[in-house]
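Novice: Same order as they appear, the protein sequences are chains A, B and C. Per my numbering, the first sequence starts with residue 1, numbered consecutively. Per my numbering, the second sequence starts with residue 204, numbered consecutively. Per my numbering, the third sequence starts with residue 527, numbered consecutively.
Hint data in this document are derived by calculation from the structure and do not stem from the laboratory. Every residue, glycine too, gets a C-beta built ideally from N, C-alpha and C. Among the clues, some could well be false.
Pairs of lysine-lysine, DSS-like flavour, derived with a Cα cap of 27 Å [to be verified]:
| id | chain 1 | residue 1 | chain 2 | residue 2 |
| --- | --- | --- | --- | --- |
| 1 | A | Lys27 | C | Lys636 |
| 2 | B | Lys266 | A | Lys27 |
| 3 | B | Lys266 | A | Lys92 |
| 4 | A | Lys92 | A | Lys27 |
| 5 | A | Lys193 | C | Lys546 |
| 6 | A | Lys27 | B | Lys276 |
| 7 | A | Lys164 | B | Lys276 |
| 8 | B | Lys504 | B | Lys395 |
| 9 | C | Lys542 | C | Lys636 |
| 10 | B | Lys504 | B | Lys400 |
| 11 | A | Lys193 | C | Lys542 |
| 12 | C | Lys542 | A | Lys164 |
Sample of chain A residues with no beta-carbon within 10 Å of chain C, all distances over it, derived [as the list claims (entries may be wrong)]:
| id | residue |
| --- | --- |
| 13 | Asp11 |
| 14 | Ile16 |
| 15 | Ala44 |
| 16 | Tyr59 |
| 17 | Phe72 |
| 18 | Gln86 |
| 19 | Gly98 |
| 20 | Met133 |
| 21 | Val151 |
| 22 | Asp173 |
Over 12 Å on every C-beta distance to chain B, these chain A residues come out as not near it, computed from the model [unchecked claim]:
| id | residue |
| --- | --- |
| 23 | Glu7 |
| 24 | Lys27 |
| 25 | Leu32 |
| 26 | Pro41 |
| 27 | Ser42 |
| 28 | Val46 |
| 29 | Gly47 |
| 30 | Arg58 |
| 31 | Thr111 |
| 32 | Asn123 |
| 33 | Ser132 |
| 34 | Glu150 |
| 35 | Gln170 |
| 36 | Lys193 |
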Amino acid sequence: MNGSFNEEQRDCLQEIINVAMGLASDKLARFLNTFVHLQVPSIALVGASHLPAEIETRYQDIEAAMVSQGFFGNEGLRGEAIVLYQMENAHKISALLGYEPGDVSEIEMLTDISSILTTTFLNGLAEQLDNSMSYSAPRILSSRNRDIAEVLTNTSFHWEHALKVDISYQLIDHSFNCDMVLLIPGEAVNHIKTILDRILEEY
Amino acid sequence: MSHIGLISPILAQLNSGVVVVDDEYNVHYLNNFMERHASLQLSQVAGQSLFKVFADLPEAWLKRKLMSVLDLKTPAFSSWEQRQYIFKLPHLRPVTSGSQYMAQNCTMLPLQTDAAGQPLICILIEDATDAFVYHQHLSRTLVELEKANRQDGLTKVLNRRYWEEQLKQEIHRAQRYQHPLSLILFDLDKFKDLNDKYGHLGGDFVLIELAAFIGTLLRDSDLLGRYGGEEFGIILPDTPLSGAQEVAERICKAVADYPMLFNQQTIRTSLSMGVAEMHPKAHVLHDDLIRCADMALYSAKRAGRNRVCCFQFGETEYQKKVN
Amino acid sequence: MALPVLICDDSILARKQVRKSLPESFDVEVQTAGNGLEALAILRSQEIGLVFLDLTMPELDGIGVLEAIKAEQIDCFVIVISADIQPEMQRRVMELGALAFIQKPVNEDKLHGVLRQYGLF
Numbered sequence: 001m002n003g004s005f006n007e008e009q010r011d012c013l014q015e016i017i018n019v020a021m022g023l024a025s026d027k028l029a030r031f032l033n034t035f036v037h038l039q040v041p042s043i044a045l046v047g048a049s050h051l052p053a054e055i056e057t058r059y060q061d062i063e064a065a066m067v068s069q070g071f072f073g074n075e076g077l078r079g080e081a082i083v084l085y086q087m088e089n090a091h092k093i094s095a096l097l098g099y100e101p102g103d104v105s106e107i108e109m110l111t112d113i114s115s116i117l118t119t120t121f122l123n124g125l126a127e128q129l130d131n132s133m134s135y136s137a138p139r140i141l142s143s144r145n146r147d148i149a150e151v152l153t154n155t156s157f158h159w160e161h162a163l164k165v166d167i168s169y170q171l172i173d174h175s176f177n178c179d180m181v182l183l184i185p186g187e188a189v190n191h192i193k194t195i196l197d198r199i200l201e202e203y
Numbered sequence: 204m205s206h207i208g209l210i211s212p213i214l215a216q217l218n219s220g221v222v223v224v225d226d227e228y229n230v231h232y233l234n235n236f237m238e239r240h241a242s243l244q245l246s247q248v249a250g251q252s253l254f255k256v257f258a259d260l261p262e263a264w265l266k267r268k269l270m271s272v273l274d275l276k277t278p279a280f281s282s283w284e285q286r287q288y289i290f291k292l293p294h295l296r297p298v299t300s301g302s303q304y305m306a307q308n309c310t311m312l313p314l315q316t317d318a319a320g321q322p323l324i325c326i327l328i329e330d331a332t333d334a335f336v337y338h339q340h341l342s343r344t345l346v347e348l349e350k351a352n353r354q355d356g357l358t359k360v361l362n363r364r365y366w367e368e369q370l371k372q373e374i375h376r377a378q379r380y381q382h383p384l385s386l387i388l389f390d391l392d393k394f395k396d397l398n399d400k401y402g403h404l405g406g407d408f409v410l411i412e413l414a415a416f417i418g419t420l421l422r423d424s425d426l427l428g429r430y431g432g433e434e435f436g437i438i439l440p441d442t443p444l445s446g447a448q449e450v451a452e453r454i455c456k457a458v459a460d461y462p463m464l465f466n467q468q469t470i471r472t473s474l475s476m477g478v479a480e481m482h483p484k485a486h487v488l489h490d491d492l493i494r495c496a497d498m499a500l501y502s503a504k505r506a507g508r509n510r511v512c513c514f515q516f517g518e519t520e521y522q523k524k525v526n
Numbered sequence: 527m528a529l530p531v532l533i534c535d536d537s538i539l540a541r542k543q544v545r546k547s548l549p550e551s552f553d554v555e556v557q558t559a560g561n562g563l564e565a566l567a568i569l570r571s572q573e574i575g576l577v578f579l580d581l582t583m584p585e586l587d588g589i590g591v592l593e594a595i596k597a598e599q600i601d602c603f604v605i606v607i608s609a610d611i612q613p614e615m616q617r618r619v620m621e622l623g624a625l626a627f628i629q630k631p632v633n634e635d636k637l638h639g640v641l642r643q644y645g646l647f
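Chain A extracted, bound-state conformation (with noise of 0.2 Å):
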């Protein structure tokens, strides 16, 4: 695989996700009733060895959930989105999600928000690259029970490198709050630079 993406590959790439999480919060804005606060995400390339001291320093000391849903669609464009919540906010996501307490499981109420999260933001993606997505069914990778740093150190990656974007979620009304990681691994990387050449072509 050859390294990183050139300065115009990089522009174009944040622009599109930039209007991706545009999109995504305005539908969620909608759709949960609250004011959805964006930061600009941070795209980077990195390797798969330095992901669970990455993921575990930004957690450390908190109990903290995450939840993990494949995507895919055409021309090799795959990957992962992770998201993490930290546990104290738990109880908010079900009056978010409108559902009665004890209707729903805490795994099904942070497996159905990473679900809405996920695939809201990655609709638009795929919408502004012509391309459309499929998704697997998210699954809880560790909860309170089971600590992340444990489930990243034995996880083996089968790639080196990953596109890592990195989205942070604000809910204002409800003070809730969130991380999504997008991982796109190894080969699907270097299609993703293909498509955004294609893109640059068009302009």
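Using the hints provided, position chains B and C relative to the given structure of chain A.
Specialist: Coordinates of chains B and C only, in the frame set by chain A:
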């Protein structure tokens, strides 16, 4: 060549359910899988409300999911791990599986229709009964494994490692809530003679019999563990020395009066027992408490066996502990 | 005479997208700026008829540019093109005197409609 003609036979053969509803939750389509499992005919239910056709659906919950599909144009999911099934259907292994209904993974997908058309949702129902059954087996095995990990293989009482773990926790709890806590250590008198006379099988038989018998004399909260070869311990939470002594005396007498039949021979045996109470003010490590009970046990042995001795904190002993 | 137009966005792609979305027969002379400060420097020194303005930018954001245009009474039309389209933001932008608010990714028909509506094209 167009493949359109293939779609309908494939849908008919598919081992997954396909249900299509509109934005008012009226049924537009069911594939054969759904027709057969739910004993329905599409022609009879088309246009009717999904919640009328399948009366057992979790309506409020499902509507919320379907609403998110319509509003956000994104898929929604449900896993058997959280909700065993959405559609109450019989499954494909009616004979060899223990569960009654088909465990399901469901996906609710927004269907691409022309802009003017009515929005539709496709609900895919995958049979996850096999995974569900495996998972049940696994859970049972894990419970058994955990039990095996705590148990002494021969006597089925707690093994030493787990029993000591429990003792540490009980000491911690007693200190925290300032509750009394006592410990009994006991050992079978002249076990070596038993082994010599009846063989190792006889010795093992006695250990098994007595462990089970003593277990019946204890409260649920008392923790009986095998500490060594013929040495056992009982943790008695919320029990002061006097109470523990009573328990020990009762066990000691009952065991002495308990004949065991092995290979048509009656075996009688007795116990030497040491009792110690955790001193609430002194900071006792679990080793310290065991040592105190052990000292009392040796006093019982020295005094002629088949008896109970209690460890009393002497002034000097107590000073030593505090320092 | 060609209309002097300024396209202000920190993304090269976004600037190109706007440029390409303009009607072919629209007689314009386009300049670009990569952030709010660059945009203001151009607006203060030259006559610009129409500005396409992004909101989220480094150095000085779109709101800052709109505030400066209002305060310094710079004479130009502003069409905001932004990814952040929540109602609260739209209200603020319109209050600051923007002509219209267009959602990213910019839609050609929508843009042409706005230009026609205000007689710019």
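Novice: Taking the hints in turn, state whether each one holds.
Specialist: For each hint, the structure was consulted:
1. Lys27/A - Lys636/C: Cα-Cα ~20 Å, so holds.
2. Lys266/B - Lys27/A: 19 Å, holds
3. Lys266/B - Lys92/A: 21 Å, holds
4. Lys92/A - Lys27/A: Roughly 19 Å separates the two Cα atoms, so the pair holds.
5. Lys193/A - Lys546/C: Cα-Cα ~22 Å, so holds.
6. Lys27/A - Lys276/B: 10 Å, holds
7. Lys164/A - Lys276/B: Given that 27 Å is the threshold and the Cα spacing comes to 25 Å, the pair holds.
8. Lys504/B - Lys395/B: 15 Å, holds
9. Lys542/C - Lys636/C: 17 Å, holds
10. Lys504/B - Lys400/B: Holds - the C-alpha atoms of Lys400/B and Lys504/B are around 21 Å apart, at most 27 Å.
11. Lys193/A - Lys542/C: Within the cut-off at roughly 19 Å; holds.
12. Lys542/C - Lys164/A: Roughly 26 Å separates the two Cα atoms, so the pair holds.
13. Asp11: 5 Å, violated
14. Ile16: The assertion about Ile16/A is violated, with a minimum of 8 Å to chain C.
15. Ala44: 18 Å, holds
16. Tyr59: 27 Å, holds
17. Phe72: 23 Å, holds
18. Gln86: Holds, since 24 Å exceeds 10 Å.
19. Gly98: 20 Å, holds
20. Met133: 17 Å, holds
21. Val151: Given that every Cβ of chain C is farther than 10 Å from that of Val151/A, nearest at about 33 Å, it holds.
22. Asp173: 12 Å, holds
23. Glu7: Since the minimum Cβ distance to chain B is about 33 Å, Glu7/A lies beyond 12 Å and the statement holds.
24. Lys27: 6 Å, violated
25. Leu32: Violated: least Cβ distance 10 Å, not greater than 12 Å.
26. Pro41: Correct as stated: the minimum Cβ-Cβ distance to chain B is 19 Å, above 12 Å.
27. Ser42: 24 Å, holds
28. Val46: Val46/A clear of chain B: closest Cβ-Cβ about 27 Å, beyond 12 Å.
29. Gly47: 31 Å, holds
30. Arg58: 26 Å, holds
31. Thr111: 7 Å, violated
32. Asn123: 6 Å, violated
33. Ser132: Incorrect as stated: the minimum Cβ-Cβ distance to chain B is 9 Å, not above 12 Å.
34. Glu150: 18 Å, holds
35. Gln170: Holds: least Cβ distance 19 Å, greater than 12 Å.
36. Lys193: 26 Å, holds
Violated hints, in rising order: 13, 14, 24, 25, 31, 32, 33; the structure is consistent with all others.
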